[in-house]
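Please take these sequences and the hints and turn them into a complete structure.
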Amino acid sequence: AQSVAQPEDQVNVAEGNPLTVKCTYSVSGNPYLFWYVQYPNRGLQFLLKYITGDNLVKGSYGFEAEFNKSQTSFHLKKPSALVSDSALYFCAVRDPKRGYQKVTFGIGTKLQVIP
Amino acid sequence: DVKVTQSSRYLVKRTGEKVFLECVQDMDHENMFWYRQDPGLGLRLIYFSYDVKMKEKGDIPEGYSVSREKKERFSLILESASTNQTSMYLCASSFPIRGFGETQYFGPGTRLLVL
Numbered sequence: 001a002q003s004v005a006q007p008e009d010q011v012n013v014a015e016g017n018p019l020t021v022k023c024t025y026s027v028s029g030n031p032y033l034f035w036y037v038q039y040p041n042r043g044l045q046f047l048l049k050y051i052t053g054d055n056l057v058k059g060s061y062g063f064e065a066e067f068n069k070s071q072t073s074f075h076l077k078k079p080s081a082l083v084s085d086s087a088l089y090f091c092a093v094r095d096p097k098r099g100y101q102k103v104t105f106g107i108g109t110k111l112q113v114i115p
Numbered sequence: 001d002v003k004v005t006q007s008s009r010y011l012v013k014r015t016g017e018k019v020f021l022e023c024v025q026d027m028d029h030e031n032m033f034w035y036r037q038d039p040g041l042g043l044r045l046i047y048f049s050y051d052v053k054m055k056e057k058g059d060i061p062e063g064y065s066v067s068r069e070k071k072e073r074f075s076l077i078l079e080s081a082s083t084n085q086t087s088m089y090l091c092a093s094s095f096p097i098r099g100f101g102e103t104q105y106f107g108p109g110t111r112l113l114v115l
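So the protein sequences, as listed, match chains A and B.
The first sequence stops at residue 115 when you use this note's numbering, and every number in between is there.
The second sequence stops at residue 115 when you use this note's numbering, and every number in between is there.
For the record, the hints were derived by calculation from the structure and aren't laboratory data.
Cβ coordinates follow ideal geometry from the N, Cα and C atoms, glycine included.
Check each hint, because a few of them may be wrong.
Said to hold, decoys possible - Pairs of lysine-lysine residues, derived as BS3-like cross-links and limited to a Cα-Cα distance of at most 30 Å, are as follows:
#	chain 1	residue 1	chain 2	residue 2
1	A	K49	B	K71
2	A	K102	B	K55
3	A	K110	A	K49
Stated by the list, open to error - Partial list, derived from the structure: chain B residues whose beta carbon lies under 10 Å from chain A:
#	residue
4	F48
5	E56
6	D59
7	P61
8	Y64
9	E102
10	T103
Said to hold, decoys possible - Quick list of simulated restraints, FRET-style, between CB atoms:
#	chain 1	residue 1	chain 2	residue 2	range
11	B	S80	A	N55	43 to 53 Å
12	A	N55	B	S8	20 to 30 Å
13	B	D26	A	N17	33 to 43 Å
14	A	N41	B	G63	22 to 32 Å
15	A	P7	B	G63	28 to 38 Å
16	B	D28	A	G53	22 to 32 Å
17	A	K97	B	D28	34 to 44 Å
Below, the structure is given as structure tokens:
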């Protein structure tokens, strides 16, 4: 079975400060890992993904995430938060060994950037 | 840009009604998905289709069925709507590039209220 945990329901950060949104996963073998963002009343938008290779992945809007196999984590980071980053963030995992292309999503973390 | 459209943004139905949610994608993607999104539960997969007329049950298929008669269109059907099916429904599509991770592209969502 595959699963993903987002331990924080909400993260508050001041504009201009660095932000981190946490994600841990459980999957047998090497995972595919994803981050998506959802703005109010919108569908999810892809931010970045880790498949293989460099553990630091860079994505859209200045976001990056670090894959840490020993800690089974894939935390989302940004050096300087913007008010416009306020949204709901979802981490997701897929086991590539499964023929069925099912992705498991976390419950989401609400990011609030305070001006 | 990939575009995934959903037939309605908001829908109000009565208990027992048959409800059709339509999803269309314009990128010739093989895979299409239906999720429901509920606060505190994240996204849960209802059904998945990997080709025309092909479907797989997700985590919560009970009370739902799907239809994929054309590659670009994936319909979710609530045979007899119930109040516990009040939710946000999200459609997504992806192109199965083996070994590169399959980014999912989401529609804007349909917020369904069952009275």
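Hint by hint, here is what the structure shows:
The hinted pair formed by K49 (chain A) and K71 (chain B) meets the criterion: a straight-line CA distance of about 26 Å does not exceed 30 Å. Restraint check: the Cα-Cα separation between K102 (chain A) and K55 (chain B) comes to about 12 Å, which is no more than 30 Å; the hinted pair holds. Only pairs whose Cα atoms come within 30 Å are accepted, and K110 (chain A) paired with K49 (chain A) is accepted, the gap being roughly 19 Å. For F48 (chain B), the shortest C-beta to C-beta distance to chain A is roughly 7 Å, which falls under 10 Å, so the interface hint holds.
A least Cβ separation of about 6 Å between E56 (chain B) and chain A falls short of the 10 Å threshold, and the interface hint therefore holds. The closest approach between the C-beta of D59 (chain B) and any C-beta of chain A is roughly 8 Å, which is under the 10 Å cut-off, so the hint is satisfied. Because the smallest distance between the Cβ of P61 (chain B) and any Cβ of chain A comes to about 12 Å, over 10 Å, the interface hint for this residue is violated. A least Cβ separation of about 16 Å between Y64 (chain B) and chain A goes past the 10 Å threshold, and the interface hint is therefore violated.
At its closest, the beta carbon of E102 (chain B) sits 6 Å from a beta carbon of chain A; the interface hint therefore holds under the 10 Å criterion. Interface restraint check: T103 (chain B) against chain A, minimum CB-CB distance 5 Å, threshold 10 Å, status holds. A hinted range of 43 to 53 Å holds for the C-beta pair S80 (chain B) and N55 (chain A), which are about 49 Å apart. The given range of 20 to 30 Å is broken by N55 (chain A) and S8 (chain B), whose C-beta atoms sit roughly 42 Å from each other.
Here the CB-CB span from D26 (chain B) to N17 (chain A) is close to 39 Å, well matched to the stated 33 to 43 Å. Hint check: N41 (chain A) to G63 (chain B), Cβ distance near 25 Å, so the stated range 22 to 32 Å holds. In this structure the hint that P7 (chain A) and G63 (chain B) lie 28 to 38 Å apart at CB holds, the actual value being about 31 Å. At about 28 Å, the CB distance of D28 (chain B) to G53 (chain A) agrees with the hint of 22 to 32 Å.
Roughly 26 Å separates the CB atoms of K97 (chain A) and D28 (chain B), a value that falls outside the hinted 34 to 44 Å.
In the structure shown, a violation is registered for the earlier hints numbered 7, 8, 12 and 17, in ascending order.
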